[in-house]
Amino acid sequence: MKETLILSKILLKNSLNINNGKSKLKATAKKLLVFFAVAYIACVMGFLSVELINTLKTVNQTGIFLSLCLILTVAVSLIRSIISSLQLLYFSKDIEYLLPLPISALKIVLAKFNVIIISSYVLEIFTLAIPLIIYGIYMMQEVHFFIMTGIVFMFLPIIPTILSALISIVLMRFTNIFKNKDTVQYITVIMAFVLVIVMQFYIMNNSEMTEFMFANKLLEVDGIAKELSNYVIIVKQAFISLTEFEGLEYVKNAILLVGESITVYLLTGLLTAKTYIKSATNITSVKRVKNAKLNISKRSIARSYIDKEVKMLFRTPAFFLNTVLPIFILPVLLVLPFIDVDMASAEDISIAIKIISENLQNTMGLAIILCIMLFLYIFNYISVTSISREGENAIIMKYLPIDLNKQCRYKAVPGFLLNLFPILLVTIGIKFIFSVNNIFILEILLIGLILNVFINYCGVLIDIINPKLHWTTEYSVVKQNINMLWYMLFMIALGFAIFAICSCFDNIHIVTMLLIAILAITIAFLDNFVKQYNINLFKKIS
Amino acid sequence: MIEIKNVTKSYVKNKKTIDNLNLQIKDGEIFGFLGPNGAGKTTTIKMITGILKIDEGDILIDGKSIKESPVDAKMSFGFVPDSPDMFLKLKGIEYLNFIADIYKVPAEDKKERIEELSKEFEIYENLNEQIQSYSHGMRQKILIIGVLLHEPKNWILDEPLTGLDPKSAYDLKEMMKSHSKKGNTVFFSTHVLEVAEKLCDRIGIINQGKLIFVGTYEEMKEQFKGNNSLEEIFLEMTEK
Chain E
10 MKETLILSKI LLKNSLNINN GKSKLKATAK KLLVFFAVAY IACVMGFLSV
60 ELINTLKTVN QTGIFLSLCL ILTVAVSLIR SIISSLQLLY FSKDIEYLLP
110 LPISALKIVL AKFNVIIISS YVLEIFTLAI PLIIYGIYMM QEVHFFIMTG
160 IVFMFLPIIP TILSALISIV LMRFTNIFKN KDTVQYITVI MAFVLVIVMQ
210 FYIMNNSEMT EFMFANKLLE VDGIAKELSN YVIIVKQAFI SLTEFEGLEY
260 VKNAILLVGE SITVYLLTGL LTAKTYIKSA TNITSVKRVK NAKLNISKRS
310 IARSYIDKEV KMLFRTPAFF LNTVLPIFIL PVLLVLPFID VDMASAEDIS
360 IAIKIISENL QNTMGLAIIL CIMLFLYIFN YISVTSISRE GENAIIMKYL
410 PIDLNKQCRY KAVPGFLLNL FPILLVTIGI KFIFSVNNIF ILEILLIGLI
460 LNVFINYCGV LIDIINPKLH WTTEYSVVKQ NINMLWYMLF MIALGFAIFA
510 ICSCFDNIHI VTMLLIAILA ITIAFLDNFV KQYNINLFKK IS
Chain Y
115 MIEIKNVTKS YVKNKKTIDN LNLQIKDGEI FGFLGPNGAG KTTTIKMITG
165 ILKIDEGDIL IDGKSIKESP VDAKMSFGFV PDSPDMFLKL KGIEYLNFIA
215 DIYKVPAEDK KERIEELSKE FEIYENLNEQ IQSYSHGMRQ KILIIGVLLH
265 EPKNWILDEP LTGLDPKSAY DLKEMMKSHS KKGNTVFFST HVLEVAEKLC
315 DRIGIINQGK LIFVGTYEEM KEQFKGNNSL EEIFLEMTEK
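Each protein sequence line maps, in turn, to chains E and Y.
Counting along the first sequence from 1, when you hit position 477 you're at 486 in the numbering used here, and nothing is skipped either side.
Counting along the second sequence from 1, when you hit position 212 you're at 326 in the numbering used here, and nothing is skipped either side.
Just so you know, the hints here were simulated from the structure itself, not pulled from any lab data.
Hints may be right or wrong, so weigh each one.
Said to hold, decoys possible - Once the Cα atoms are required to be at most 27 Å apart in a straight line, the calculated BS3-like pairs of lysine-lysine come out as:
1) E:K477 <-> Y:K167
2) Y:K233 <-> E:K320
3) Y:K130 <-> E:K548
Quantities reported herein were computed from a predicted structural model and do not represent experimental measurements.
Generate coordinates for the entire structure from the input sequences, incorporating the hints supplied.
Here it is, written out as structure tokens:
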């Protein structure tokens, strides 16, 4: 038991990336940031809880609030834990270090279960603890309620979490799809995006519901929840523990919940320990290809270099999901709210389109369109992480027989190519929504393209000056990289500069030529600067 | 030929990591670069290959200055770094295609050389797999093949034998010998004194940024008559 607890503590610290050698100031800043984020979400959940309880009061059904929270907690624990158990049980590197230690397979599995359960508690704070405490205070519940809330909080997520872990172990033992780490990352993140889009549609469809309609909707959901609780027995037991305080029924159900949770926890551990160890040592990030024909072809240096960049980008899930996917997903998410409009809004919108069309073809209209384009470019972090993504291997840039300024150009190409999507989205969107002439569209397209070259080249330069080369996980390159913030600030400044230039002229063609000239000259200057001072610019790569 | 002329490098002010280094590695020579940890071996190799800026002096590869004409100088050598964990997401064949294109290997030679070398290093069957699936030794092999692919006159290798199985290590040593016999240069750093003793035509020992010995193994034995093995001589020189 003691060994399991020590191991759980170590695994938990490791998974949370605690003690990673940061300075005290940075660590304190991080803690403060986490505290404020948690406090913010807690406030939102508290506010939503009060709103929901008030709504349910209108139909005199406040008890539904409890069953909703319980069913939500079980559902969230179940879904979230499938992803986190795959990550913790199979894709963390620690199994290679744990196996040679004199610790039994059962203790390793239980320690891993503990970490997954503890991480479930974090979400449960928001889905169960805060809403139930608010409910208790708001409905003036007695002390029994709060004690039972504590017990339910501790034991409710155990069975769903262990079940998720069990599903992961079965999937990993008997299927091949999930044995590839990269494939799992792609599937889970894409599923998450799909879920967000579906939710956004659902919210849009229900955004104009009255309080009474909403309460009735909740009653429908409660009916489903009650039906489900006949099958998910722990929800029923937790509900009785929290509501039926006359007699000892609540104690009996709480004891049952605790007993069942502990039994499932130990039994699953005992049954899966050996299977887990066997399947965990069989994980790979590699798709084996046998007897395939070798593709040996001669290409130009530029083509070969860019090809290498694109392959590395697309084949590394952390990079692909954080730098490529948002370029396509986020504009779609932004456009969605405008798709589903009722007739009244449609009429307003057509009037708005007419007014905008009449006032768009001027220098300020151009400035606004370019700023929209810049805003969409902000989601593209390919160039600004192009050096950092290489990590310590970036030194290869220094000994390859290619000029460093040429390598900068090549590194800017993937970002440029993927930015063609927002350029097309904006130009095609403007052409079809607003009645503007083709010359105006051509001008937007030209400036958009040269702006695309400029920002991607600048992105590479920002990364060269201060690359993040020493990282242990690929996610830290795209999640904890200050260069992305600098890039964002640079884009904002660029937006202001474009506005300033556009506001100085009335003739749209002059502004177009001026912007193209300024951007082209700046790109040429920067390229020459990199050529002249490359050794000093690249000094952090060594 | 590699010529290191009065090279000095400092990472911090008033502390020279490399202090006025002069060294000439002639054509047809295998040169072993030895020294304890932190002596300046990697810094020297990084300056030769253009990874680090040279504070003072110059380095010439076949007469081309790494400072003045870096691209030409880099075309003249092939470098195997100490860590082979590179381009892990590329397939072996993609890496070799990339290197061949960068070093302008003629199209008619490319296929033949890739097939020949990968079969020689017994990695041919794995070329369609991503490098991340390779063992340490296989990763080392793919980097070495990448170097051999463009047939540079000068080989620069940082701890090349680490992680190689006995056969591959033997093959590489034979290749180094054969490369030098053709009048080319091999410059490598190592911690394995026996390798340096048996393989190298000349040895250079660096300690605290200064070259404390350059010569053949026999010359070194002559200089330190009381000691028998290279290990004893090395320890005596570097622990002074």
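Hint by hint, here is what the structure shows:
1. At most 27 Å may separate the alpha-carbon atoms for a hinted pair to count; E:K477 and Y:K167 meet this at roughly 20 Å.
2. Only pairs whose Cα atoms come within 27 Å are accepted, and Y:K233 paired with E:K320 is accepted, the gap being roughly 25 Å.
3. At roughly 18 Å between alpha-carbon atoms, Y:K130 and E:K548 fall within 27 Å of each other, so this suggested pair holds.
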